[in-house]
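Number of protein chains: 2
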Amino acid sequence: MTAKLGIIAGGGDLPRAVAASARAGGREVFVIGLIGSLGEGNDWIGDFPHEMASPGAPGQAFKSFRREGVTEILLAGKVDRPKFSELKLDARGVLLLPRALKAARQGDDALLRFLAAMFEEEGFRVIGVAEAAPGLVCDEGVLGKRTPNDDHRADMDRGFAIVRALGALDVGQAAVVCEGLALAVEAAEGTDRMIERVATLREALRGTPRNRRGVLVKALKPTQDGATDMPVIGVATVERAAAAGLAGIGLQAGGALIVDKALVAAKADALGLFVAGVRL
Amino acid sequence: MTAKLGIIAGGGDLPRAVAASARAGGREVFVIGLIGSLGEGNDWIGDFPHEMASPGAPGQAFKSFRREGVTEILLAGKVDRPKFSELKLDARGVLLLPRALKAARQGDDALLRFLAAMFEEEGFRVIGVAEAAPGLVCDEGVLGKRTPNDDHRADMDRGFAIVRALGALDVGQAAVVCEGLALAVEAAEGTDRMIERVATLREALRGTPRNRRGVLVKALKPTQDGATDMPVIGVATVERAAAAGLAGIGLQAGGALIVDKALVAAKADALGLFVAGVRL
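Line order of the protein sequences matches chains G and W. Residue numbers are given in our numbering: position 246 of the first sequence equals residue 246, and the series is strictly consecutive. Positions in the second sequence are counted from 1; adding 1000 to them yields our numbering.
Source of the hints: derived by calculation from the structure; they are not laboratory data. Built from N, CA and C at the ideal position, the CB exists for glycine as well.
Only some residues are given here: those of chain W computed to face chain G with a beta carbon under 7 Å: (1) Ile-1162; (2) Val-1185; (3) Ala-1188; (4) Leu-1201.
Bound-form chain G, shown alone (with noise of 0.2 Å):
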């Protein structure tokens, strides 16, 4: 019998998706949705044993899923960074507060780092989405009917390499080529922002929802260890990817995550979209 699974959720379609997923597979889930970053279509929630907590407030966290008999924790789902002068904190709060304000200041990264840290001193074991819910993890393959052409696969070789040089340097996970250009790299601005600019840039550098053309391609940074942040897609993910006039998709296979893979692979099919996982 596996363990019982702790999930910290912040918003977007992650958590809930892998919350289902761990159940599907016959675990036990205890979810503790953030306050202020769970944000919109969290009903979800209500289908699992859950509580909500203050991002400030991580004694809460550890003392009810200690009472729950939670062992092994999982941290999912985009969480917009609370004012600090405003966040309601616990006793334990306030001990941590200096460390996750110095790991805040070095990036997401550097505060996933330091929250998962903060469990394991507790005693929890974290895990990563790809342990919890193997299902959720990108394969090798084409998802739907359409398939990259010889360009396309080029656009995603080219896009891989870039991605991969930015990740070495931990700078992001995302990035659009067409035709051999780089139309945008993903830095802070996260993958949505940097999707729907392609669509700002000159027409002759882009393609079209008439005429698609570039790829979007996303990947692990050589500086993660999986466990904790792999880039995520989803239906919202292709519908974007769709407005800004791009042909597919590429992701790491093994090494990205896909949410709702049936509803992705019919998204991309009714606009005319490939989703390809590619071995790296």
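Chain W: place on chain G using the hints.
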């Protein structure tokens, strides 16, 4: 005596600065202004022997430069790609258009290399700004009154590492780094828009005009020979960096151009930014 210099002038301040600097250095200058690109603020061209030409009329440029006794050519300034279907072509333009279109599809660098090769095939020597107007090249050391502190120097080092890695892949020439975090990386959108999006990131990650943090860096792509497309800054770059809350600008000494050094220094001093040339 130095050869007479022919300048193909696109938009922005660089062509004016090059023409003025070359003439101040004792060179005769003849300018061909590109219709559709020279843009607003192009009155300066009246101070030099000149004519206007369509970017589709290379035959006219060859003929005029020969008539004027020009032997060396310099391409400078931004060129807005025309709609090729609306382009006014001369006979040579018709012949060269297929190659130009092919190069254009591969990005600005490729288009520029094609244009340089086109003039060289006609017997002209194509030179870079560093040769024609060495006074515009960024020197080592600080321009203006402010000096980067240790944090800024660390951010510049990280920024140059990012730009060199990206440049080796022919992606971009610029990045913004703030206290170790890569806020933005340049691809096809160009430096101006990259700087502008820094101001849209959440405030915890970046500086503000009241609390300046982070640096813009620009460096030559290792793939560029430096002759035709050095990175450029001017007064407007300082203003954009200031509006985005940056603390300063780091440039590759010997590998970047500064239009109007005295004005850039004065603007940086007035707005509270440093401008530093760093030998890589």
